[in-house]
Amino acid sequence: MLLKATNVHKTFDNTLRVLDGVSLSVEQGDVVSILGPSGSGKTTLLRCLNFLERADEGRLEFGGREYDMAHTSKRDIAAIRKKTGFVFQSYNLFANKTALQNVTEGLIVARKIPRDQADETGRRALAKVGLSDRCDHYPSQLSGGQQQRVAIARAIAAEPQIIYFDEPTSALDPELIGEVLAVMRQLADDGMTMLVVTHELNFARYVSNKVIFMEHGRIVEQGPAREFFENPREERTRAFLQTVGDRLSPQDKE
Amino acid sequence: MDSELIGLLIDSFGKILLPGLAMTLPLTAISFALALIIAVAAALVQFANVRVLRQLARFYIWVIRGTPLLVQLYIVFYGLPNVGVTLEPFPAAIIVFSINTGAYAAETVRAALESVPVGQIEAGECVGMSYLQVMRRIVLPQAMRTAFPSLANSVISLMKDTSLAANITVTEMFMATQRIAARTYEHLALYIEVAIVYLLFSTVLTKLQRMGEKRLSAYQSRKE
Ligand SMILES: Nc1ncnc2c1ncn2[C@@H]1O[C@H](COP(=O)(O)OP(=O)(O)O)[C@@H](O)[C@H]1O
Ligand SMILES: [Mg+2]
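Residue numbers (the numbering used here), protein chains in the order written: chain R, 210 to 463; chain Y, 118 to 341.
Warning: the hint list may mix true and false statements.
For lysine to aspartate or glutamate, the following EDC-like pairs were computed, each having C-alpha atoms within a straight-line distance of at most 16 Å [to be verified]:
1) R:Lys283 <-> R:Glu262
2) R:Lys283 <-> Y:Glu239
3) R:Lys337 <-> R:Asp398
4) Y:Lys132 <-> Y:Glu310
5) R:Lys291 <-> Y:Glu239
6) R:Lys213 <-> R:Asp277
So the derived list for chain R, only partly shown, Cβ under 8 Å to chain Y, looks like this [claimed, not checked]:
7) Leu261
8) Arg263
9) Lys291
10) Asn305
11) Arg324
12) Ala367
13) Glu368
Calculated directly from the structure, the hints in this document are not laboratory data.
Backbone N, C-alpha and C fix where the C-beta goes; we use that ideal spot for every residue, glycine too.
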């Protein structure tokens, strides 16, 4: 087991219960898709796991250590973040840095890796996402799909043990979604451990090996991807799959 | 125009320009450099919500922006000696101009900091950078580029405002002009002449601003 979160709670503004006792575990090499209607707390869950948001309660086991998520120290958070990657819905590339600098910035500044070594790592990461020829481009000179691939390169460059993806294709024009999903599928094939919030049912069904379905801050159902799609146990899951399944256009299906 | 007046104007041009180069410009440059340090500090403590310092910064900006520059000059130069603090004209002017411009520039820088998408800060923290590292390497550089046109305007304002230093006996170019005018009674011609020199200076500064903006906008525009 690589990561285990137990009983995570998060309330906003003292009233809005966004996470209501979420527990999940991720094995090395797992690709876990998190599905669920908008507002069910998926983003907040990922942000709590990476301490962008502070959970009110919860335990996190990661890297052989256990943390009280409400009281994890700055030093521990920094240590955890060095072993994780995060890919945002809106890419969040550093606008004042080139694609290569976006990838190397964390290596050089946070990890104190010498510049030429970091550059080499950065170029390799960008090659991996198919952007060798865009190293010196600024984010404003790249398409959305390219920006998201740079963001993925930035996440993998530090060789994290797990990468969190928060709806990585939701901000993209439909014709650009494929290139990002292809990169993610490649990562999955390489054995990268991934926790992916997504609306891409095909990705959840055919790339990930586990699926979690969330609603109202709780996990309604989780299990192997195939079982989840072919034999959902919960009534709510079946209803959800029906609505989103209907919304899929034929060419989205494999 | 008679030849006598033309001779006076030619003769006085050097006498006005020289204190302009030797006093007005250094006063502007030094004051602005200090103002920038004050502004970035005052903006950062507000942006990062540092307790106490944040309130202190708000108070400073409130007081300085709410009172006339000329009054501030009088308080520091003519007022402070009453409590035993006597300053030479030049340092007094530097102090007042930098504190005054700093208050305005602080608001410019703060707005520019807030214009940087918060997602970039989070992304920086996610790749292991500390908050300060993210501020220094990601947020501040972008904010300063955003703030640049406004800050350049502040420099031009400041350059013109240094004429107020004549009131506290700094011999900058307005004071030099006043002296010649008092001697020759050619007020209109001489004050127009000094106005033209100020205009010359602002024109050069505006040109520099344009050049700076062009260089800084590299990453903001699509090249292809
Ligand atoms: N910073 C915040 N402050 C207040 N409410 C928030 C904040 N972030 C998210 N929420 C609320 O929490 C709920 C869950 O949000 P989110 O985790 O983004 O859901 P999802 O990603 O599943 O769409 C929503 O109702 C949202 O409005
Ligand atoms: Mg979300």
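Hints, verified against the model:
1. R:Lys283 <-> R:Glu262: holds, 13 Å
2. R:Lys283 <-> Y:Glu239: With Cα atoms ~15 Å apart, lysine 283 of chain R and glutamate 239 of chain Y stay inside 16 Å; holds.
3. R:Lys337 <-> R:Asp398: holds, 13 Å
4. Y:Lys132 <-> Y:Glu310: holds, 11 Å
5. R:Lys291 <-> Y:Glu239: Since the Cα atoms of lysine 291 of chain R and glutamate 239 of chain Y sit roughly 14 Å apart, the hinted pair holds (cutoff 16 Å).
6. R:Lys213 <-> R:Asp277: holds, 12 Å
7. Leu261: Nearest chain Y Cβ about 5 Å off; hint holds.
8. Arg263: Check failed: Cβ of arginine 263 of chain R comes no nearer than 13 Å to chain Y, outside 8 Å.
9. Lys291: With Cβ-Cβ at 5 Å, under 8 Å, it holds.
10. Asn305: holds, 5 Å
11. Arg324: Violated, because the Cβ-Cβ distance from arginine 324 of chain R to chain Y comes to roughly 14 Å (cut-off 8 Å).
12. Ala367: The hint holds - alanine 367 of chain R has a Cβ within 8 Å of chain Y, the shortest such distance being about 7 Å.
13. Glu368: violated, 12 Å
Figure legend: structure checked against the earlier numbered hints; hints not met, in rising order: 8, 11 and 13.
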